[in-house]
Structure formats: C-alpha cells, structure tokens
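Engineer: For reference, the chains in residue letters:
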Amino acid sequence: DTAVSQTPKYLVTQMGNDKSIKCEQNLGHDTMYWYKQDSKKFLKIMFSYNNKELIINETVPNRFSPKSPDKAHLNLHINSLELGDSAVYFCASNRGQQETQYFGPGTRLLVL
Amino acid sequence: AQSVTQLDSQVPVFEEAPVELRCNYSSSVSVYLFWYVQYPNQGLQLLLKYLSGSTLVKGINGFEAEFNKSQTSFHLRKPSVHISDTAEYFCAVSRSGGYQKVTFGTGTKLQVIP
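Protein chains in written order, with our numbering: chain Z, 1 to 112; chain F, 1001 to 1114.
Just chain Z, with the same shape it has in the complex (with noise of 0.2 Å):
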C-alpha cells in the first residue's frame, strides 16, 4: 500500500512546454505540501495546501501553480518550463504541522 504516491516518476520535457506531477495520499492527511530538490541536494518547500485551502506560499513563480481537487489529491502545473525547473520535486503529507511527514517517492523532472 503506497501513502504517498507521485505521477509521474520520470519527466523529460523540452523548454517553454507545460506539464503537470499528481500526488495522492491515502493517509487520511489534512496537509499537503510541494518541495522541490535542486542538484545539491537543497529542499525548499514551494507549497502547502490544508483541507484543500492553500495556507503555505513561498516564494514560487506563478508559471507554477497548485490545484487541489480533495484533501487526498495535490497536483502541480507547470507553465512554460525553464531550464531551471530542472530539479526533484517531492509531496508531502502530514497530519498537522507538528506531525511527521510523510514523503513520496518524488518527480525526476529534466527540461531540455
């Protein structure tokens, strides 16, 4: 039973196309939350949703954007891929912020 599953794994796209990552938690958590991973390592949180009301923004560009259909289901679009959108972006879900949280496998996105 996967809790925090991701769509697609890999993700090889040209510069300037749109693409969308699903996420989907079967956890029965309220919060969910878009991270993104550089080359180095680098975790930045991008965004956090709670009972589909989206309460975390950072400082994201807005060619990138959340939807949240139900608290199981965060999705991230992406408009106009740049070079630097190059990066591992993880889900997360968790209960409450005090909560642990618990990680997808991630999206391995390449913009060529």
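These aren't lab readings, by the way, just hints derived from the structure by calculation.
All C-beta atoms in this analysis are idealised placements derived from N, C-alpha and C, irrespective of residue type, glycine included.
Where hints are given, some of them may not hold.
Stated by the list, open to error - Distance ranges between label pairs, derived from CB positions: (1) L83/Z <-> Q1042/F: 22 to 30 Å; (2) T59/Z <-> P1040/F: 42 to 50 Å; (3) F1014/F <-> H77/Z: 41 to 49 Å.
Based on these hints, arrange chain F on the given structure of chain Z.
Structural biologist: Chain F in isolation, oriented as in the chain Z frame:
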C-alpha cells in the same frame, strides 16, 4: 524566520564506528526540530523529532538526538553505524503554533566505509 545550518556536507565514517551529524538552528521563538533521512533515489523519511519534554530523543534505526536550547543545537548520533546507514540526512525546524512551514538544512551525506 527560522533557519537551519548543517555545517558538514559530507561525513565519512568506518562501519561500526560512532557518528555525530551536527545541526544548529536559529529562531527567536519555540521550535519543533526534526531529522529526516533520504536514501538514494527515494523520498525523505522521519528518523526522529523533538516537540517538547525530554531533550534526548530516540528515533528509528538506533539514532538519537539531543536538543540543546542554550547552544541552539540538535545533533544526531549513532553509536555504531552500518553500511545501510549510507544516505543523506536532513535537519529541519519549524516554529511552533499554527501553520508554520518546515525549513530544511542543506543536508549531510553520511558515507559509511566498510
């Protein structure tokens, strides 16, 4: 705003030797502290966390960490490492109360040498 510093980007250690991975944080308010581990090509998983109470926290896989408020540190230790402990280790901090983001350190790569 809070911040986390992991001074060591890489720590090589022989198998069965003890290890300490250092973490210092900066915050003007009460914090929660976490250590996560990332094995190659995987997501992060929690090793241990400090919310309140006892300053010595025990986690999975034989790891423990001690919260030191005066030194603003939360160093991770293991008395005897295994090859399987080779991974990237991330210290993280969040302010307590309400919806607060978790800030991760830059990670320490633990390389266990057979």
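Engineer: Next step is simple, just say for each hint if it's right about the structure.
Structural biologist: Tested hints:
At about 25 Å, the beta-carbon gap between L83/Z and Q1042/F stays in the expected band of 22 to 30 Å. In this structure, T59/Z and P1040/F break the distance hint of 42 to 50 Å, their C-beta atoms being roughly 30 Å apart. Distance hint check: the CB atoms of F1014/F and H77/Z are about 47 Å apart, consistent with the given range 41 to 49 Å.
Hint 2 alone, counting from the list given before, is not met by this structure.
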